Amino acid sequence: MVPLSYYLVLSAILFGLGVVGFLLKRSVITIFMSIELMLNAVNLAFVAFSYHWQALSGQVFVFFVIVVAAAEAAVGLAIIILVFRTRASLNVERVNLMKW
Amino acid sequence: MPAETVLFFVFGGLAVLGALNLVLQRHPIHSALSLILVMAALAALYLLLGAEFIAAIQVIVYAGAIMVLFVFVIMLLNAGEEERTSMSRAARYVGLPVAGLLLAEVGYLLYRAWPEGAVVEADKFLGRTGPIGRLLFTDFALPFELTSVLILIAVLGAVVLAKKEL
Amino acid sequence: MTDWIARHPDLVFAVVKIVLCLFLLLTAVAYLTWFERKLIAHIQSRWGPHRVGPHGLLQPLADGLKNLFKEDIIPAGVTSRFVYLLAPFLAVSLSLLAVAVIPFGPEPVEILGARTGLHIADINIGLLFVLAVTSLGVYAVALAGWSSNSKYSLLGGLRSTAQMVSYEIALTLSVIGVLLLAGTLSLREIVEAQAGHWSGVVPRWFIFPQFVAFLCFFISGVAETNRAPFDLPEAETELVAGFHTEYSSMKFAMFFMAEYAHMIVTSLVASLLFFGGWLSPFPATEFWSITRYLPVVLAAALGGVLLVDVLRQRTGWHRLIMAAVGLGLLAVAGLLATQETLLALAQGPFWLLGKTAVFLFVFVWTRATLPRFRYDQLMAFGWKFLVPLAVLNIVVTSFLVAWRAG
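Chains as they are written, first to last, in our numbering: chain A, 1 to 100; chain B, 1 to 166; chain C, 1 to 406.
It is worth saying that the hints were derived from the structure and are not from the lab. All figures in this text were calculated on a predicted structure; none of them were measured in a lab. We treat Cβ as the ideally placed atom computed from N, Cα and C, and that holds for glycine. Hints may contain errors.
What the hints assert, rightly or not - A short, non-exhaustive set of chain B residues, derived as facing chain A with CB atoms under 10 Å:
(1) V94
(2) G107
(3) A154
As the list claims (entries may be wrong) - Pairs of lysine-lysine, DSS-like flavour, derived with a Cα cap of 30 Å:
(4) K163/B / K66/C
(5) K70/C / K38/C
(6) K70/C / K151/C
(7) K124/B / K17/C
(8) K164/B / K151/C
(9) K163/B / K17/C
(10) K66/C / K38/C
(11) K99/A / K124/B
(12) K384/C / K164/B
(13) K17/C / K151/C
(14) K99/A / K163/B
Claimed, not checked - Which chain A residues stay away from chain B? Per the calculated CB distances, all over 10 Å, these:
(15) Y51
(16) T86
(17) V95
(18) N96
(19) L97
(20) M98
(21) K99
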């Protein structure tokens, strides 16, 4: 007996916390995890709407989002490993060679 | 209070706590564990919404493979705690209240948009595996094939990027 | 109080079944350690535990008490005590969780006037649930290895994590063949799809069409549980003790329990998926209905053997224990022979647990017999042999299923 809007508000809260983590944290891996949190929040909204409109395509889309998140995590973490090898630090503020 | 409402608040509360912990913790491994908690709580919420296949996929793929990759990289790179600096005064006195205000506004608008009758009940199971599989191979066949090519490219890319010497 | 119980029968049944299942599983884990030590010892021409209780039967109790009273150490430089303490807890709870979806017997039974099935929960995605719990079990190893602040633990943890993740893929792919033949993910319905016999003789178990998939599944299952010959990450001669080097007393015992519980779950799932679960291998005709008394015969025979063994024991306590167990088994046999409902109730679990016992025997047998893989051989075997083999099995099975369907 939970209203649909509760699920959407929860999704908004999680998305907002993901944005806060993305903007405020300094470790590259934690920033990446905040991106995954944002994707999860969006997945929750998709599944909630799939229930509301009784359409399975919402859940199929969640399937695709999860798959794309997996691909993005693999490549992103490989890039993070490369960045760590060259800059020897996981602090995003140290990756600043192109600043003026 | 019916069981579904209690379960929603329990798992929703766990999800929010996990997300807060992700932002507040300093060591990446604690953030990773909090994110795993968020994903598990979301899987329970998907079950409340009737999406059983997606809940299983969320645990197997997202919490069981992607986050293992994160934990693996944290272990490999020996990521340490972040340095501690305080927030700028603008962030603390203006940013956080405005963020709270925006969130309250979004919540109010969402609540106004679906006031009555849009209720989630637990026994209208929607996401059976068979129909989702059928959709994946008929209506969504093209995105399905494209995502398989995408994963192949991602695997190749990750291997090439992370190798020591080619 | 009894009124509340009568109004919420499902909840009460669920709690009772959970408690019973946990108790039986933990006892089984404890006596599996005894079984392994005795069997490996006899394969190696020695005796194994034989002092603590008759035939060493009280050895698990002694081990448990020992682990309880040992000093509980937390190494000095752990970065996070929470993660260090979380790892064994996660290992044990996840291994025990997978039993929740295992069906032990056929149709709903009547106990005290209420109907309930012989399982804790029968969900539509039972197979995916077991795979999900297996996926989450990787964290226990990874976090244990990392949080111990020791080189050996870290290397063992990383290697073990990589091994478990790789063989998980082969495990999942090998199960898809069964899924194609059964058409459902629910473990109960997969077993029910294996009912009946081909031309009245050969049971329709999925082992016959899916033999390759079974081999893939079993080998991956052995690798997933970090058992020999895939136990490089935790072998004593290799990395001290791998990811659980720095764990002592009860936390080490929890890792141990988790490994054996995982073994039991893998054997249960293999019996359910490939060997017909609770279905008897004998046809259900009038001629073979005498085999319904097999549990009675086995219980009586075992009770008789134990009673005869009383004469070989040396101390009074040992004789008492063996006599008590022997008489208890004879009493069970008598009860089953006379009470029809109990006999019908015991058929399903008897066959399932018998098949599981055979698989556990194979687990221990391979540990005693085969040398262990080197790490690169292990990874190459998983990725370059098992995964392509499982994919080939899926392709051939789906082709045959589509061809048969028209």
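Results for each hint:
1. V94: V94/B check fails; min Cβ-Cβ to chain A is 14 Å, beyond 10 Å.
2. G107: holds, 5 Å
3. A154: Interface hint status for A154/B: holds (4 Å vs cutoff 10 Å).
4. K163/B / K66/C: Between K163/B and K66/C the Cα gap is close to 47 Å, so the pair fails against 30 Å, i.e. violated.
5. K70/C / K38/C: holds, 24 Å
6. K70/C / K151/C: The given pair, whose Cα atoms are some 24 Å apart, holds under the 30 Å limit.
7. K124/B / K17/C: holds, 27 Å
8. K164/B / K151/C: Cα-Cα ~22 Å, so holds.
9. K163/B / K17/C: violated, 51 Å
10. K66/C / K38/C: holds, 19 Å
11. K99/A / K124/B: Roughly 55 Å separates the two Cα atoms, so the pair is violated.
12. K384/C / K164/B: holds, 21 Å
13. K17/C / K151/C: violated, 43 Å
14. K99/A / K163/B: Satisfied, since the Cα-Cα distance of roughly 28 Å is no more than 30 Å.
15. Y51: Contrary to the label, Y51/A does not stay out of reach of chain B, its closest Cβ about 5 Å off (not over 10 Å).
16. T86: holds, 12 Å
17. V95: V95/A is indeed farther than 10 Å from all Cβ atoms of chain B, at 14 Å.
18. N96: holds, 15 Å
19. L97: holds, 19 Å
20. M98: Consistent with the label, M98/A stays out of reach of chain B, its closest Cβ about 20 Å off (over 10 Å).
21. K99: At roughly 19 Å from the nearest Cβ of chain B, K99/A sits farther out than 10 Å, so the non-interface label holds.
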